[in-house]
Amino acid sequence: MLVSNNMKEPWFLYIHMLDLHWPHVVPSEFNSENFGHSLYERIVSAIDSWLGKFIEKIDMSTTLFVLTGDHGHVIPVDNKDITTFEPDLELGLKAGKHIMPKSTHTAGAKFFVGLRSMIRDAKLVKANRNLTPYEKRSRLPPFTLSLFDESIRVPLVFSGYGTSSKIIYQQVRNVDIFPTIFELIDLSSGEFPRHGRSLLPLLSGKKTEELPAYIQSIPYEKISPDDIVGVRTSHLKYFRATRDSKKMLIFMI
1 MLVSNNMKEP WFLYIHMLDL HWPHVVPSEF NSENFGHSLY ERIVSAIDSW LGKFIEKIDM
61 STTLFVLTGD HGHVIPVDNK DITTFEPDLE LGLKAGKHIM PKSTHTAGAK FFVGLRSMIR
121 DAKLVKANRN LTPYEKRSRL PPFTLSLFDE SIRVPLVFSG YGTSSKIIYQ QVRNVDIFPT
181 IFELIDLSSG EFPRHGRSLL PLLSGKKTEE LPAYIQSIPY EKISPDDIVG VRTSHLKYFR
241 ATRDSKKMLI FMI
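Going by the UniProt record's numbering, the first residue of the sequence shown is number 1, and it counts up by one from there.
Keep in mind the hints are simulated off the structure, nothing from the lab.
All values derive from a computational prediction rather than experimental measurement.
Treat the hints with caution; some may be incorrect.
Straight-line C-alpha distance at most 20 Å; calculated DMTMM-like pairs for lysine to aspartate or glutamate [what the hints assert, rightly or not]:
| id | residue 1 | residue 2 |
| --- | --- | --- |
| 1 | K8 | D19 |
| 2 | K206 | D227 |
| 3 | K246 | E221 |
| 4 | K102 | D121 |
| 5 | K247 | E183 |
| 6 | K136 | E150 |
| 7 | K207 | D227 |
| 8 | K110 | E90 |
| 9 | K102 | D78 |
| 10 | K80 | E41 |
| 11 | K166 | E209 |
| 12 | K166 | D176 |
| 13 | K123 | D88 |
| 14 | K57 | E9 |
| 15 | K246 | D226 |
| 16 | K53 | E41 |
| 17 | K123 | E86 |
| 18 | K136 | D81 |
| 19 | K8 | E56 |
| 20 | K8 | D186 |
| 21 | K136 | D78 |
| 22 | K207 | D226 |
| 23 | K80 | E135 |
| 24 | K206 | D226 |
| 25 | K8 | D88 |
| 26 | K136 | D226 |
| 27 | K53 | E29 |
| 28 | K126 | D81 |
| 29 | K166 | E210 |
| 30 | K80 | E191 |
| 31 | K136 | E86 |
| 32 | K110 | D121 |
| 33 | K110 | E135 |
| 34 | K166 | D149 |
| 35 | K247 | D227 |
| 36 | K123 | E90 |
| 37 | K80 | E33 |
| 38 | K110 | D88 |
Sequences are here, hints too, so could you generate the full structure?
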């Protein structure tokens, strides 16, 4: 519809891109060192190209363009995540199924799973020597719950209508996005409650009091001891397990 220029004003378009999620499939034309060292960087290059094509079709003087993320992502050090260290035991598993009685297959499968984990963990210990805590975390499975900054500190860009070019370093929150949009386009939220506040003063160069951000990991479908909650400011960060307040971390930022 953007190409045909038949969008009736006012219009709103929301796009939730999942390209940066596992399993990180890179378009062939971007799968080279020219577009990044890691798969993640190459997908970012591809997304950047696609966003450019959208922007070419938009009148930025009358359109507000907002770009952000709902969470961050760890990039495995040396492009080697936890699966890289898992041995290939498929041949042994197939041979075992062929030779051993069917009644032993379940126990045999559990044995191979346990053996694979033992070999993987031993390789990880060796490979992780002299790595930083972040580099060690980068090896973890992509869906590991975390509130470290690589998972929650995301970019936020307002461009086009009602904005000017500047970089703002003050911490803001995702809940501030829609109040900002509403004020920029002079739209009332009516009877619906607003949990955030408009960032228009910041965008206009004014100083505002920084508010602490409530942070929470993506909850499991069922109650889990891995769920995490916390609070972050520009100087201090605290988070803990939701089911065990003794499992906590505090950082001076």
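Taking 20 Å as the top limit, are the C-alpha atoms of K110 and E90 close enough?
-> Answer holds: K110 to E90 is near 13 Å, not above 20 Å.
Regarding the pair K8 and D19, is the alpha-carbon distance no greater than 20 Å?
-> Measuring from Cα to Cα gives roughly 29 Å; hence the hint is violated.
Could you grab the alpha-carbon distance between K166 and E209 and see if it respects the 20 Å cut-off?
-> At roughly 19 Å apart (the allowed maximum being 20 Å), E209 and K166 satisfy the hint.
K80 and E191: Cα distance at most 20 Å?
-> Distance ~50 Å between K80 and E191 Cα, so the pair is violated.
Holds or violated: K166 to E210, with C-alpha atoms at most 20 Å apart = Distance of about 18 Å is within 20 Å: holds.
When you check the alpha-carbon spacing of K247 and E183, does it fall within 20 Å?
-> Measuring from Cα to Cα gives roughly 40 Å; hence the hint is violated.
Restraint status (C-alpha distance of K8 to D186 at most 20 Å) = holds (19 Å)
Sort out whether E135 lies within 20 Å of K110, counting only the CA atoms.
-> violated (30 Å)
Pairwise hint evaluation, D88 against K110, where the allowed Cα distance is 20 Å at most = The given pair, whose Cα atoms are some 15 Å apart, holds under the 20 Å limit.
Is the straight-line distance between the alpha-carbon of K8 and that of E56 20 Å or less?
-> Since the Cα atoms of K8 and E56 sit roughly 18 Å apart, the hinted pair holds (cutoff 20 Å).
Given the proposed pairing of K246 with D226, does the C-alpha separation stay at or below 20 Å?
-> Measuring from Cα to Cα gives roughly 13 Å; hence the hint holds.
Please work out if K123 and D88 have their alpha carbons no farther apart than 20 Å.
-> Judged against 20 Å, a Cα distance of about 13 Å means the pair holds.
Checked against the numbered hints above, the structure violates hints 1, 2, 3, 4, 5, 7, 9, 22, 24, 25, 30, 33, 34; every other hint is satisfied.
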